[in-house]
Amino acid sequence: MPPEPFNSLSDANRPPTPELIGSAPAMQEVYRLIRQVARSNASVLLLGETGTGKELLARAIHRLSPRGSGPFIRVNCGALAENLLESELFGHVRGSFTGAIDNRIGRFEAAHTGTVFLDEVDSTTPKLQVKLLRVLQEHEFERVGDTQTIRVDTRVVAASNRHLVDEVAAGRFREDLYYRLNVVTVFVPPLRDRREDIPELVSHFMRLYNEQNNRHVPHITPDAMRALEQYDWPGNVRELQNYIERAIVLAPSDEISPALLPEAVLGRRPPRIGRTVDLESAAGSLVAQALAESGPDAENLHAKIVDRVERELIIQVMARCDNVQIKAAAMLGMNRNTLHKKLKEYGLEK
0 MPPEPFNSLS
10 DANRPPTPEL
20 IGSAPAMQEV
30 YRLIRQVARS
40 NASVLLLGET
50 GTGKELLARA
60 IHRLSPRGSG
70 PFIRVNCGAL
80 AENLLESELF
90 GHVRGSFTGA
100 IDNRIGRFEA
110 AHTGTVFLDE
120 VDSTTPKLQV
130 KLLRVLQEHE
140 FERVGDTQTI
150 RVDTRVVAAS
160 NRHLVDEVAA
170 GRFREDLYYR
180 LNVVTVFVPP
190 LRDRREDIPE
200 LVSHFMRLYN
210 EQNNRHVPHI
220 TPDAMRALEQ
230 YDWPGNVREL
240 QNYIERAIVL
250 APSDEISPAL
260 LPEAVLGRRP
270 PRIGRTVDLE
280 SAAGSLVAQA
290 LAESGPDAEN
300 LHAKIVDRVE
310 RELIIQVMAR
320 CDNVQIKAAA
330 MLGMNRNTLH
340 KKLKEYGLEK
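With numbering that gives the first Met the number 0 applied, the sequence shown covers 0 to 349.
No lab work stands behind these hints: they were computed from the structure. Be careful, since some hints might not be right.
Unchecked claim - Derived SDA-like pairs: lysine to any residue, alpha-carbon spacing no greater than 20 Å straight-line:
id, residue 1, residue 2
1, LYS126, GLU344
2, LYS326, PRO189
3, LYS340, GLU309
4, LYS303, ALA318
5, LYS341, ILE314
6, LYS303, ALA263
7, LYS343, ILE314
8, LYS126, ASP101
9, LYS340, ALA318
10, LYS130, VAL167
11, LYS130, ASN181
Source: prediction; values computed, not measured.
The whole structure should be built from the sequences, with the hints applied where relevant.
Structure (structure tokens):
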């Protein structure tokens, strides 16, 4: 597919593909960047909170590029264990591990002449990061259990809901891989920074879910719209999408009223359950405790303190969300699979 032509400022500011909704000032720079970078073969790093639409932007980059007629392959790096993810990305040969009963091509091979989208790339292990660096630099790799080198022509678009420079500083992400991915960085704004797009998003989701659920709810009351515009949206566009679908399904008439919206959106949060304390005080105490326990020759202090504070944050958010992981993940701005892994890592599964 040839790159999309545009010649005017109004063209440059409008969404580049129909799937992208809204033209708030916070999004106009995003649109300008993805139009510009789409024409190249450069790697792109999309940074933004969970639910901001990073996959839609990755698809837009692919569709607007000279590779648009090729495959677009998405991989959620946070959803699979290391050995499974390595096989998913690079393929394997028969007998390379238990359960490998046939040869299988990986996602990089499947994306040849197209684009591979690595979502939650910060979830990859150091071993996988080495292989990713090689395929980015040399465009080659071997399947798991094989010695034959495979060359591919695949563009990489990666995404993370974390600042990878902080992950590099904490020793969790390779600096060289970061610079290979970070040729062009696009910061995706949260929904609270583009509130003027909420009415258009609401209209879009109402049309979508009326059609999908064979419903006729074409209206929304001014009070309901005002509540949606004033809410902070920790889960971003994905949270808004879920609430509109729920309201469409449950509406007893032809309009969405405030009664169909969750308590949190209406400013009436449910009672907090469980162990909660002031987060700022808790964080300060944890930092002070870590410093007191560390001697003058302490190493990797930043990572240790970050882990302690993150653990406390997860404990409190889980308590606030009544231990419902999908709600806690939305509040924390991370994927549910990532939260599950962190609960296990910090010994909080129970």
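Structure-based check of all given hints:
1. LYS126 to GLU344: At roughly 18 Å apart (the allowed maximum being 20 Å), GLU344 and LYS126 satisfy the hint.
2. LYS326 to PRO189: holds (17 Å)
3. LYS340 to GLU309: holds (13 Å)
4. LYS303 to ALA318: violated (23 Å)
5. LYS341 to ILE314: Given that 20 Å is the threshold and the Cα spacing comes to 11 Å, the pair holds.
6. LYS303 to ALA263: The given pair, whose Cα atoms are some 34 Å apart, is violated under the 20 Å limit.
7. LYS343 to ILE314: holds (12 Å)
8. LYS126 to ASP101: The hint is violated at about 24 Å.
9. LYS340 to ALA318: Holds: LYS340 and ALA318 sit about 17 Å apart, inside 20 Å.
10. LYS130 to VAL167: holds (17 Å)
11. LYS130 to ASN181: Status holds; Cα separation ~17 Å.
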